[in-house]
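Got chain A sorted already, so can you dock chain B onto it with the hints?
Protein chains: 2
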Amino acid sequence: MDKKKEISMAVIKRLPKYYRHLAELLRNDVDRISSKELSEKIGFTASQIRQDFNCFGGFGQQGYGYNVKELYNEISKILGLDKRYSTVIIGAGNIGQAIANYTRFEKFGFDLKGIFDVNPKLHGMRIKDVEISDIDTLDSFLKENHVDIGILCVPQMQAQKVADTLVDNGVRGIWNFAPLDIDVPETVSVENVHLSESLLTLVYLMNDLEK
Amino acid sequence: MDKKKEISMAVIKRLPKYYRHLAELLRNDVDRISSKELSEKIGFTASQIRQDFNCFGGFGQQGYGYNVKELYNEISKILGLDKRYSTVIIGAGNIGQAIANYTRFEKFGFDLKGIFDVNPKLHGMRIKDVEISDIDTLDSFLKENHVDIGILCVPQMQAQKVADTLVDNGVRGIWNFAPLDIDVPETVSVENVHLSESLLTLVYLMNDLEK
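Protein chains in written order, with the UniProt record's numbering: chain A, 1 to 211; chain B, 1 to 211.
Not one of these hints is a red herring.
Same chains, same names: a pair is fine if it fits in one copy or spans any two.
Only pairs whose alpha carbons sit at most 27 Å apart, straight line, appear in this in silico DSS-like list of lysine-lysine:
| no. | residue 1 | residue 2 |
| --- | --- | --- |
| 1 | Lys17 | Lys211 |
| 2 | Lys107 | Lys69 |
| 3 | Lys41 | Lys13 |
| 4 | Lys41 | Lys161 |
Worth flagging that the hints you see were computed from the coordinates, not collected in a lab.
If we strip away everything but chain A, and leave its shape as in the complex, we get (with noise of 0.2 Å):
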């Protein structure tokens, strides 16, 4: 336990990686993988990969290679996805939406459990089996269902006041697509996708290569 708690923010953002890089080795019926082959395929050394997989005890025999269906269930459980997840998605407009159909989030263990819009317009829509529901009731279905993640899709402004209804309500995760870094107590986790960032970050690797 202690050990975890060590673990790197750079290792962590490895862990999805190699799990769907193990996924997709399983679905292909591989059964074994050497780091170096794993390494050709990923991308990340070889010692890099076998350090990675040293801090949460090492999988794997020496010169046998792993064994792909352990590590991939070693991994699901270190990320947590042996479990499932209880999600509700803020704010309807595209990028709610997009999140919203995406299926792929089912297969994973989450389940969205309800979406929220202040327009009027889009109150009884349904996205999948899902309505759309006035944005103010969220805090009386928050305290109506257990909610684990809140996906936070409204606009920069609305972004820290939603987020606030979510923490007081017990919602321990936040995936925030708003384009602003929210304040939430040390009990709650916070993963951004600032799209606008990772944009303007391509075009300066774009300019930078040209010079």
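Just chain B now, with coordinates in the frame of chain A:
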């Protein structure tokens, strides 16, 4: 110029954040700000901020803080936002449509020139002023039109093939939403938005807090 080559990815990733906060200060008519005040706003330490700005030659005078307008303009220029960029979106599913509808990007200087999809039902539909075309016409479109950035919103299995078409036609930047690490020559920049990986990171962080 040589100096710029040494700028670390960590600094580069912070630039869009500076840009966003400075734009907000400008909107609020703030003329001048100290690294300490900027630090409280952005959440990086003041010494981090001074160090970052020094990478680009340094702005601001000791004891006087930074001129917000000047700093904003400088960072715009460093990011390459003093130019405009023509873009195409490939894949008009949920994410592709969301990006096409995102008006913020136009303001930054990104002009959407085309949207391409494999699905005949979408062909001829318009998102804002841009028609969705058959993906089979992408290659000839790119030969006839200058495109700087390709926004890749196709499924994993198609992503590499589309990326190759973009690269072969001189596209210099790929903003990749497909859950795949695409292979491109060193002369092409790629910025990934891997939504599933971001969500899995959030879940890891949530579970880690509970330990």
